[in-house]
Amino acid sequence: MSKPAGRRWRPGRGYLVLPPLLFVALLIFAPIIYIALFSVGLRSNIPGTQVAFSLDNWDSFLLGENNPFRARFFYSMRVALIVSVVTTIAAYPLAYFLSFVARQRRYTLLLLLLAPFFTSYLLRVLAWQIMLNDEGVVTWAARAVGLVPDDGNISWLIYSTFSVSLVLFYTWVPFVTLPIFAVLENMDHRLLEAAQDLGASRWTTFWRVTFPLSLPGVIAGFVFVMIPTTGEFITPLFVGGADNQLFGNSIQAFFGTTNWNLGSVLAMALIITVVILMLIFGRFLNTDLRAAPRGDET
Amino acid sequence: MRTGGAVGKVLLSIYFVLFMVFLLAPLVVLVVFAFDDSTTATLPLEGWTTHWFSEAFTNGQLTNALVRSATIAAVAAVIATVLGLMASVGLTSDRLRLRSLTVASLMLPLVVPYISLAVGLVILLQAIAVQTSLTAVVLGHVVIALPFAILVLLPRLRTLDPSMNEAARDLGAGDLTAFRLITLPLLGPALVSSFLISFVTSFDEFAIASFLAPSGQPTYPVFLYASSRTPALLPQVIAIGTLVIALSMALVLVAEGGRRWAEKRLVGDQEFDDEVSEENLAEGLVILGDS
Amino acid sequence: MNGPIENALSRRNFLGGAVMLGGATILTGCGSPAVQDTPEAGASRPPMEQEPGELSIMEWGGYEAGGTKAQAYGLVAGTDYTDKYGGNSISYTYINNDDQALQKATASNTFDLMHPCVEDLPDYVSRGLVQPFDTELLASFGELNPFLLEAGQIDGKQYMIPWDWGYGSLLYRKDLVDEADATGWELAWNEKYADKISLWGGASTNFEIAGLLLGFANIDDPSPDEIEQAKQKLIDQKPLNKFYWDNEYGQMRPAFRSGTIDIAYSWQAAYASFADKGMDVGYMEPSQGRLSWLCGFLLGSTTENYYHAHDYVESFINRKASEDLVNLYSYGAANTAIDINRIENQALVDSLKLDDPAAISSDDVHLQTWMPNSAAIDTAWQEVVAS
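Residue numbers (the working numbering), protein chains in the order written: chain A, 1 to 298; chain B, 1 to 291; chain C, 1 to 387.
Source of the hints: derived by calculation from the structure; they are not laboratory data. One thing to keep in mind: the hints can contain errors.
To be verified - Distance ranges between label pairs, derived from CB positions:
no., chain 1, residue 1, chain 2, residue 2, range
1, A, Phe162, B, Gly47, 24 to 34 Å
2, B, Ile128, A, Asn66, 31 to 41 Å
3, A, Gly146, B, Val17, 25 to 35 Å
4, C, Leu137, B, Val67, 30 to 40 Å
5, C, Leu176, A, Arg78, 28 to 38 Å
6, C, Glu228, B, Glu46, 49 to 59 Å
As the list claims (entries may be wrong) - For the chain C half of the interface with chain A, some residues (derived, Cβ under 10 Å), not all of them:
no., residue
7, Asp83
8, Gln103
9, Lys104
10, Ala107
11, Gly201
12, Lys238
13, Pro254
14, Ala255
15, Leu348
16, Ser374
17, Ala375
18, Asp378
The beta-carbon is built from N, C-alpha and C at its ideal position, and this holds for glycine as well.
Please build the complete structure, drawing on both the sequences and the hints.
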């Protein structure tokens with residue numbers, strides 16, 4: 001589309017992205033660069049120290065024998081992975097219900113599902129802490145039905161990997177439902193009818209047609225929960241014990257000490273991990289924000 | 001329309017209902033304990049009272065933290081919406097160089113873990129010899145809300161019928177005027193959505209606030225965390241918490257109701273179609289889902 | 001302009017080698033700290049009526065002024081202040097442990113008053129976070145124990161107004177723990193009680209405990225090698241913990257009371273409280289010796305509420321408030337004018353020697369004091385927590 005001849009060049013509205021970009025540059029790129037510099041010892045928060053490029057902290061984190069932070073990193077990855085898988089599996093039937101069973105009111109029900117998600121995250125975690133506590137609702141219920149003696153409690157209920165995982169699961173299921181639902185909605189139902197017409201049972205239709213077609217949404221949902229959970233640290237603060245603190249907690253703790261260099265190594269490692277995850281799984285996320293206007297997409 | 005068999009439908013429905021109960025249970029627990037006349041949130045209940053609410057509202061520290069958070073959230077939401085609008089308009093230009101890079105950069109805050117971002121900002125502040133401050137918190141919140149603002153505004157911008165804009169231009173309006181008089185009002189609901197999402201994101205944000213807010217001036221989430229371990233303050237915190245929950249739920253309902261109302265006005269009563277409206281709601285939710 | 005963290009290195013030179021234990025002075029300085037940005041007493045400042053009056057205080061849970069919303073235990077201290085100015089003008093930021101408190105204050109130096117313990121005093125001073133008190137403004141100043149006052153001085157200036165002192169040891173259930181096991185700090189390492197133990201989350205305290213157990217010459221100045229040993233010892237202990245507690249009233253006490261934990265690091269107040277309620281508890285006298293501590297008020301260097309802050313401190317150190325402190329929490333008070341015979345639990349007064357502040361630096365206890373290599377200990381503690 002060329003401009004009419006004779007008009008002088010005016011800056012296209014493309015330049016409007018510059019102020020937001022500048023903002024992001026200052027407040028995302030600059031901090032990341034500083035974290036990187038700290039992690040290799042090129043800067044220090046204790047003025048007067050000699051700054052010199054040093055991979056010592058990286059070395060001990062990546063290769064050091066029995067490095068506790070690396071162990072914590074892998075523990076966090078495992079927790080994130082398990083939580084993500086379970087959450088995605090649990091969310092699928094919800095999305096399926098919304099898309100195939102609750103036809104008329106599906107969007108309203110979806111909104112209902114999401115409504116708790118819009119309330120304060122901290123409050124929901126706090127609510128779980130209250131529920132799972134030693135004298136809390138769940139213990140009281142267990143005592144009431146005789147599962148535990150009258151002054152006993154279930155030791156793994158709070159301050160455990162279970163409590164951290166449960167709360168994370170609780171927080172993320174509604175959100176994971178979204179992309180699966182989106183994909184199920186966009187599915188061409190004629191394909192499913194065709195399969196049935198050809199004699200496939202409902203179950204077979206599901207497994208061989210519906211589910212494979214919905215895979216992009218499933219993976220998107222999985223990525224949705226996996227990526228933020230790797231950096232999670234709030235939930236362990238409330239319901240985690242000493243052994244269930246996640247990698248994010250180590251980062252948080254370090255910046256309450258003077259050793260920001262080691263803390264930066266951890267923070268950088270987390271960023272790199274997330275970037276790698278995004279690169280691997282990014283193709284499954286359908287952010288088509290690039291298309292020209294007047295397109296025909298959703 | 002193909003559906004599962006009756007048994008399958010019933011099972012799925014039961015699953016959904018049970019799950020809704022599971023989702024709402026903790027919130028109900030909070031509400032119940034907000035009215036429980038006991039200093040510890042344990043069963044059995046010890047009597048009905050509303051005095052935790054009055055305690056909470058006369059607790060200067062708590063109300064200050066709430067006001068502080070609300071102010072920060074409002075300011076951050078406005079800035080994020082404005083910047084988001086600029087970015088969205090810019091992204092609709094068909095002559096944008098380095099488009100993928102621009103989009104990736106603008107979406108970056110969605111991906112960077114908040115804890116890493118928070119410590120990065122702390123380092124940045126220390127490097128430029130600036131103390132922790134509420135302004136820093138606002139800026140931090142703007143940057144994490146920005147992608148949400150763009151994700152709400154951009155699709156809406158793109159689905160706007162360009163013919164109205166063209167008509168305005170044919171009638172001699174300049175770019176800016178056309179934008180101001182045609183596009184902006186049409187974007188109304190999206191702008192409100194963007195503001196609300198940014199507001200909520202900022203109001204509930206803990207990581208950045210816990211590092212950047214000055215110690216004696218906590219935001220509400222930071223105060224919540226500190227108080228959750230202080231027995232004297234826990235009941236008040238629960239009371240306020242239930243109010244926040246009620247408000248957020250109400251906000252969601254109002255937003256949905258408002259959206260439908262706005263659509264009716266835009267589209268005209270006769271053309272307003274429940275199904276289409278549901279689909280527009282879907283569009284919004286799916287954008288979230290697709291992002 | 002020097003920032004708050006600027007002087008961290010200068011403190012390394014500051015107390016090189018000199019430490020406490022016994023004797024009149026707790027902190028002997030071999031040279032003065034590089035004191036920065038501390039206003040002189042008597043410098044021109046706005047009169048009290050012009051001060052904003054909103055106090056921001058860094059404080060331990062349970063020590064909030066009487067008359068504020070947060071004070072839930074009936075502490076009398078502070079009521080003189082809140083009676084005059086109301087309870088709503090005070091906002092508290094909570095201390096979990098001294099290491100974190102110092103970091104908080106360093107990161108955002110906006111407090112009017114802080115209530116840490118004496119071991120970090122040199123850091124607060126050398127980082128320019130505090131200014132000396134004007135002792136003339138404190139009516140009860142003359143009643144304070146001179147031994148403790150001297151501990152709060154640096155370079156002759158009264159930076160800390162001492163208020164409370166006491167001990168740190170293991171609190172344990174006498175009915176559930178073998179008396180034969182409760183002879184020393186090794187009780188926390190005893191596998192018989194696995195998952196029923198809770199140590200505090202304070203880095204320096206735990207390293208001191210490990211140091212006592214391993215028999216270091218100076219638990220407050222461990223060599224790098226000793227730090228490594230102590231770290232390993234603490235890593236060995238970690239699996240036996242139910243959790244590291246951060247908050248006495250919110251975590252430790254409820255868990256102890258409900259039987260979730262039977263052994264906990266504790267100050268004596270919890271012991272007195274549980275004994276009072278009829279629980280069969282013991283407060284250990286370890287063979288290696290208990291820890292002891294002294295805490296007090298520090299005045300923020302950037303405070304705009306100079307006179308209000310002094311009034312607040314006065315409302316804590318006066319005789320009535322100090323006597324209540326001993327009665328309520330069984331901690332020692334710095335005010336010598338209190339009538340020790342009016343304390344209800346005389347047995348506790350005797351066993352804890354609450355009438356003699358010098359008890360905290362006697363030979364059989366270890367007063368927690370400044371650690372030159374706290375940075376290394378901090379990092380090592382993080383490794384313990386992460387392992």
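Outcome of the hint check:
1. A:Phe162 x B:Gly47: 24 to 34 Å: holds (33 Å)
2. B:Ile128 x A:Asn66: 31 to 41 Å: This hint holds: roughly 38 Å between Cβ atoms.
3. A:Gly146 x B:Val17: 25 to 35 Å: holds (27 Å)
4. C:Leu137 x B:Val67: 30 to 40 Å: holds (33 Å)
5. C:Leu176 x A:Arg78: 28 to 38 Å: holds (35 Å)
6. C:Glu228 x B:Glu46: 49 to 59 Å: With a Cβ separation near 52 Å, C:Glu228 and B:Glu46 satisfy 49 to 59 Å, so the hint holds.
7. Asp83: Nearest chain A Cβ about 34 Å off; hint violated.
8. Gln103: Holds. Min distance 5 Å.
9. Lys104: holds (8 Å)
10. Ala107: Since chain A brings a Cβ to about 8 Å from C:Ala107, closer than 10 Å, the hint holds.
11. Gly201: holds (9 Å)
12. Lys238: holds (7 Å)
13. Pro254: This hint holds: C:Pro254 lies near chain A, its Cβ roughly 7 Å from the closest one there, short of 10 Å.
14. Ala255: With a minimum Cβ separation of about 7 Å from chain A (threshold 10 Å), the hint on C:Ala255 holds.
15. Leu348: violated (28 Å)
16. Ser374: holds (8 Å)
17. Ala375: At about 5 Å, which falls below the 10 Å cut-off, the nearest Cβ of chain A leaves the hint on C:Ala375 intact, so it holds.
18. Asp378: holds (4 Å)
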